[in-house]
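Trainee: Read off the chains here:
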Amino acid sequence: MTSLYYYHPSSTGVAPASDQSISDNDRRAQCRRINPGRNQRAATKPPSILNTSAQRPSQPPYRLCHHPLLAHSSQAALASTELAPEVRNGTTKRMNLFQAINDALATALTEDENVLVFGEDVAFGGVFRCTMKLAESFGGDRVFNTPLTEQGIMGFAIGAAAEGMRPVAEIQFADYVYPAFDQMVNEAAKFRYRDGACGRSVGGLTVRMPCGGVGHGAMYHSQSPESLFTHIPGLRVVMPRSPLQAKGLLLAAIRSNDPVVFMEPKILYRAAVEQVPSGAYELPLSKAEVLKEGSDVTIISYGQPLYTCNAAMQRAEEDLGVSIELIDLRTLYPWDKETVFNSVKKTGRCMVVHEAMVNAGIGAEVAAVIQENPETFNRLEAPVSRVAGWSIHTPLLYEKFNIPDVSRVYEGIKKLLDY
Amino acid sequence: MHSRLLPKASLRRVAGKAPYGPTAAAATAIAARPTAPQPPARYSSSISQRPGASHVSFPGAVKSAFTNQLNFALSDESPALPTYRVVDQDGKVVDPSFKADLADEEVVKLYHKMLLISIMDVIMFDAQRQGRLSFYMVSAGEEALSVGSASALSPEDVIFCQYREQGVFAQRGFELSDFMNQLFANKKDPGKGRNMPVHYGSSELNIHTISSPLATQIPHASGAAYALKMQRINDPSLPPRVVAVYFGEGAASEGDFHAALNIAATRACPVIFICRNNGYAISTPTLEQYRGDGIASRGIGYGIDTIRVDGNDIWAVREVTKKAREMALQDGGKPVLIEAMSYRVSHHSTSDDSFAYRARVEVEDWKRRDNPIARLRKYMEAKGIWDEAKEKEARDGTRRKVLKAFSVAEKEKKPPIRAMFEDIYEELTPDLKAQMLELRQHLDKYPDEYDLSEYEGGRGSLDA
Numbered sequence: 001m002t003s004l005y006y007y008h009p010s011s012t013g014v015a016p017a018s019d020q021s022i023s024d025n026d027r028r029a030q031c032r033r034i035n036p037g038r039n040q041r042a043a044t045k046p047p048s049i050l051n052t053s054a055q056r057p058s059q060p061p062y063r064l065c066h067h068p069l070l071a072h073s074s075q076a077a078l079a080s081t082e083l084a085p086e087v088r089n090g091t092t093k094r095m096n097l098f099q100a101i102n103d104a105l106a107t108a109l110t111e112d113e114n115v116l117v118f119g120e121d122v123a124f125g126g127v128f129r130c131t132m133k134l135a136e137s138f139g140g141d142r143v144f145n146t147p148l149t150e151q152g153i154m155g156f157a158i159g160a161a162a163e164g165m166r167p168v169a170e171i172q173f174a175d176y177v178y179p180a181f182d183q184m185v186n187e188a189a190k191f192r193y194r195d196g197a198c199g200r201s202v203g204g205l206t207v208r209m210p211c212g213g214v215g216h217g218a219m220y221h222s223q224s225p226e227s228l229f230t231h232i233p234g235l236r237v238v239m240p241r242s243p244l245q246a247k248g249l250l251l252a253a254i255r256s257n258d259p260v261v262f263m264e265p266k267i268l269y270r271a272a273v274e275q276v277p278s279g280a281y282e283l284p285l286s287k288a289e290v291l292k293e294g295s296d297v298t299i300i301s302y303g304q305p306l307y308t309c310n311a312a313m314q315r316a317e318e319d320l321g322v323s324i325e326l327i328d329l330r331t332l333y334p335w336d337k338e339t340v341f342n343s344v345k346k347t348g349r350c351m352v353v354h355e356a357m358v359n360a361g362i363g364a365e366v367a368a369v370i371q372e373n374p375e376t377f378n379r380l381e382a383p384v385s386r387v388a389g390w391s392i393h394t395p396l397l398y399e400k401f402n403i404p405d406v407s408r409v410y411e412g413i414k415k416l417l418d419y
Numbered sequence: 001m002h003s004r005l006l007p008k009a010s011l012r013r014v015a016g017k018a019p020y021g022p023t024a025a026a027a028t029a030i031a032a033r034p035t036a037p038q039p040p041a042r043y044s045s046s047i048s049q050r051p052g053a054s055h056v057s058f059p060g061a062v063k064s065a066f067t068n069q070l071n072f073a074l075s076d077e078s079p080a081l082p083t084y085r086v087v088d089q090d091g092k093v094v095d096p097s098f099k100a101d102l103a104d105e106e107v108v109k110l111y112h113k114m115l116l117i118s119i120m121d122v123i124m125f126d127a128q129r130q131g132r133l134s135f136y137m138v139s140a141g142e143e144a145l146s147v148g149s150a151s152a153l154s155p156e157d158v159i160f161c162q163y164r165e166q167g168v169f170a171q172r173g174f175e176l177s178d179f180m181n182q183l184f185a186n187k188k189d190p191g192k193g194r195n196m197p198v199h200y201g202s203s204e205l206n207i208h209t210i211s212s213p214l215a216t217q218i219p220h221a222s223g224a225a226y227a228l229k230m231q232r233i234n235d236p237s238l239p240p241r242v243v244a245v246y247f248g249e250g251a252a253s254e255g256d257f258h259a260a261l262n263i264a265a266t267r268a269c270p271v272i273f274i275c276r277n278n279g280y281a282i283s284t285p286t287l288e289q290y291r292g293d294g295i296a297s298r299g300i301g302y303g304i305d306t307i308r309v310d311g312n313d314i315w316a317v318r319e320v321t322k323k324a325r326e327m328a329l330q331d332g333g334k335p336v337l338i339e340a341m342s343y344r345v346s347h348h349s350t351s352d353d354s355f356a357y358r359a360r361v362e363v364e365d366w367k368r369r370d371n372p373i374a375r376l377r378k379y380m381e382a383k384g385i386w387d388e389a390k391e392k393e394a395r396d397g398t399r400r401k402v403l404k405a406f407s408v409a410e411k412e413k414k415p416p417i418r419a420m421f422e423d424i425y426e427e428l429t430p431d432l433k434a435q436m437l438e439l440r441q442h443l444d445k446y447p448d449e450y451d452l453s454e455y456e457g458g459r460g461s462l463d464a
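Quick note, the sequences are listed as chains A and B, same order. Start counting the first sequence at 1; every next residue gets the next number (full-length UniProt numbering). Start counting the second sequence at 1; every next residue gets the next number (full-length UniProt numbering).
Source of the hints: derived by calculation from the structure; they are not laboratory data. We put the beta carbon where it would ideally sit given N, CA and C, even for glycine. Any given hint could be a false lead.
Label pairs and their calculated CB-CB ranges [unchecked claim]:
1. A:231 to B:364: 46 to 52 Å
2. B:426 to A:82: 50 to 56 Å
3. B:59 to A:110: 56 to 62 Å
Which residues of chain B face chain A? A few of them, derived with a C-beta cut under 8 Å, are [what the hints assert, rightly or not]:
4. 98
5. 154
6. 192
7. 194
8. 196
9. 211
10. 233
11. 234
12. 236
13. 259
14. 428
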């Protein structure tokens with residue numbers, strides 16, 4: 001079966017995602033696993049049934065079929081008021097996350113001749129297939145391979161952006177971004193500030209990188225280093241949760257006049273499939289989205305853990321008779337405090353969930369900001385909690401104990417309510 | 001460093017099997033090639049070893065002959081690349097093919113620029129010692145290198161500097177007032193008082209603002225050169241342009257240097273890499289910086305056309321830069337490396353006392369024996385276009401102008417405090433607006449703790 005991690009030769013092309021390889025029965029079985037609350041009503045002891053291989057993708061195949069966080073119909077995809085009217089009146093196409101990224105890149109390359117797409121192994125389609133057929137369609141001088149040097153890729157991209165291009169540089173894995181860190185922190189982030197009234201910037205720059213665990217990536221194919229970048233003024237840091245989100249946010253990132261670090265949860269490349277508007281559209285940067293409204297607990301997350309949170313939440317609502325609000329932060333810096341404040345003012349209980357290590361992570365920043373604001377601080381019924389990776393590296397055999405899973409989020413909700 | 005867990009696809013590709021062998025899609029793409037400006041790279045690497053071949057056909061070395069001699073290439077045995085010069089230490093022309101391409105008055109102008117920065121350097125160095133400036137870096141010994149190379153570029157060419165290239169700025173038209181405004185970080189400094197002294201920049205003069213980290217500017221130059229190349233492909237009416245980037249031999253040890261050369265070579269970028277090899281990276285002499293034949297040998301290793309030049313000879317520097325520019329624009333663009341040899345007769349910066357690590361006599365010897373300014377002066381005197389009286393007049397006049405610009409800039413107010421929050425993003429974020437307000441309220445509450453008189457607009461600049 002399709003590994004969601006390795007490039008698999010049987011699925012080429014950017015045709016709409018095909019689930020033909022799994023039968024309807026399989027699909028239903030997977031849905032049961034991913035939505036245990038709905039499908040396992042008889043269960044009484046949460047831990048035994050909350051964590052199955054499907055919630056946390058330690059074993060491929062991992063599919064998010066019929067998941068409530070995904071748009072499974074055109075109507076659902078076009079319902080968002082964030083879309084422009086002409087997009088809402090248009091058509092949609094079924095895509096997975098890598099196809100949506102590909103679609104966004106093709107759109108950007110079509111609409112702006114200054115857009116360049118490059119990185120290691122980008123020309124043949126990329127190791128995750130995000131740049132499939134782009135070199136053929138747009139020419140090898142706009143979509144090309146670079147030598148294997150992350151600092152070189154980033155420096156080159158910064159120079160091209162400084163002279164008016166809109167480079168989209170790919171770092172093959174977020175785990176390998178560190179040689180480029182100097183260029184990103186000291187150059188990309190500071191370029192506009194340093195140039196001052198001279199007015200030049202590298203705002204055209206977008207850096208894409210696949211991130212996060214997939215079950216077997218161990219220490220060097222699992223990292224999610226977003227908080228290293230959210231500490232850096234001048235960079236915008238974005239992580240989409242789904243194909244529809246990815247296309248709109250990536251187009252916004254490319255068109256943005258600030259440098260953007262765009263992190264793609266690689267486990268979702270194939271797993272997340274939904275209807276995606278066909279036209280060019282942007283989703284707003286620095287704007288969080290309330291995925292489900294609730295009144296008793298706020299869960300704030302981004303990227304892959306949103307699916308875990310959703311499953312845990314559904315179960316907690318059934319078991320405990322509470323109502324939970326789920327927020328997708330989407331842009332991790334500069335982030336949307338207003339949406340978070342409004343939610344916590346309502347619920348008084350808040351949890352932040354992310355894959356990356358808990359120490360000095362996004363959760364730390366969100367929790368600090370919530371307790372600093374008198375309006376939310378006074379409303380808190382329990383300390384703001386964090387459910388995140390432990391303060392360790394991602395070890396091969398133990399990922400399922402490290403990355404937040406349904407039972408840990410479920411337990412986190414209970415603790416917030418029991419405080 | 002890289003242990004990519006993805007060898008399968010690429011191995012299949014090399015072996016010519018699925019997924020990207022001669023498929024229908026690939027055939028279509030090949031047929032469509034003429035319309036694409038450049039075919040995707042993957043179709044160009046089909047290499048196979050013929051039986052009985054005399055040459056290696058590994059994908060990584062296609063022109064290598066087989067040999068039955070077990071010989072290592074010994075690095076010490078290859079002769080050092082020669083150093084090109086036009087005019088010797090006595091001002092005599094030694095290249096018989098050389099013809100000066102400048103009118104006498106143009107030569108004198110170059111000399112004035114060299115004089116200008118050397119006099120400014122001495123004054124600003126002393127000003128720092130007197131505490132009137134926080135920091136300064138002189139470029140003594142490198143005036144010919146910076147002024148000469150800049151004089152051979154087109155004003156539209158884009159330049160990235162390291163930090164010791166005041167001669168490039170001066171030659172391009174950076175005025176004394178521009179230098180001084182930046183050095184004193186006053187309200188006329190386009191850097192808005194954010195950068196240390198000597199971090200000049202100018203968009204009109206197409207020189208990017210200097211950044212302290214060494215070598216980061218080198219891959220920028222490759223990317224910028226690629227941008228210029230693409231822009232000209234998109235709009236052939238644009239003039240052909242190159243990028244020039246300056247860096248020291250110490251910076252060439254950074255990974256960014258190697259990445260920049262490699263990527264410029266593979267993407268055929270019209271960029272001129274200009275290494276100022278002045279013998280020292282702060283205190284570290286070249287023998288502890290690198291082995292092998294200088295920085296020039298690196299260029300050849302990356303498949304880049306390279307020359308070594310006497311950096312104290314402004315004519316030689318001009319000639320090689322002119323030629324390098326021409327070459328960089330050939331064949332759709334390619335990188336060129338110039339290693340310009342000089343000797344840093346100055347301290348590294350005002351924070352450095354170089355006599356702690358080198359003999360004073362060595363420095364004095366270089367100053368006396370081979371000074372780029374003296375060399376051009378001798379050349380001009382031999383030509384009868386310069387003499388002692390003109391020298392005195394030029395030096396005195398320049399000194400007066402520097403001191404005047406100095407005192408004007410020193411008196412200017414500092415930029416508004418607000419400038420510290422601006423230009424982080426294209427627009428002020430809600431966070432930054434809130435922080436600006438917070439600072440304003442704090443300054444209101446503790447008015448005696450901060451002297452705001454120097455800053456244009458005082459606290460008021462922080463108002464939304």
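Trainee: With reference to the structure, classify each hint as holding or not holding.
Mentor: Hints versus structure:
{"no.": "1", "hint": "A:231 to B:364: 46 to 52 Å", "verdict": "holds (49 Å)"}
{"no.": "2", "hint": "B:426 to A:82: 50 to 56 Å", "verdict": "violated (21 Å)"}
{"no.": "3", "hint": "B:59 to A:110: 56 to 62 Å", "verdict": "violated (33 Å)"}
{"no.": "4", "hint": "98", "verdict": "violated (34 Å)"}
{"no.": "5", "hint": "154", "verdict": "violated (15 Å)"}
{"no.": "6", "hint": "192", "verdict": "holds (4 Å)"}
{"no.": "7", "hint": "194", "verdict": "holds (6 Å)"}
{"no.": "8", "hint": "196", "verdict": "violated (11 Å)"}
{"no.": "9", "hint": "211", "verdict": "holds (6 Å)"}
{"no.": "10", "hint": "233", "verdict": "holds (7 Å)"}
{"no.": "11", "hint": "234", "verdict": "holds (5 Å)"}
{"no.": "12", "hint": "236", "verdict": "violated (13 Å)"}
{"no.": "13", "hint": "259", "verdict": "holds (3 Å)"}
{"no.": "14", "hint": "428", "verdict": "violated (10 Å)"}
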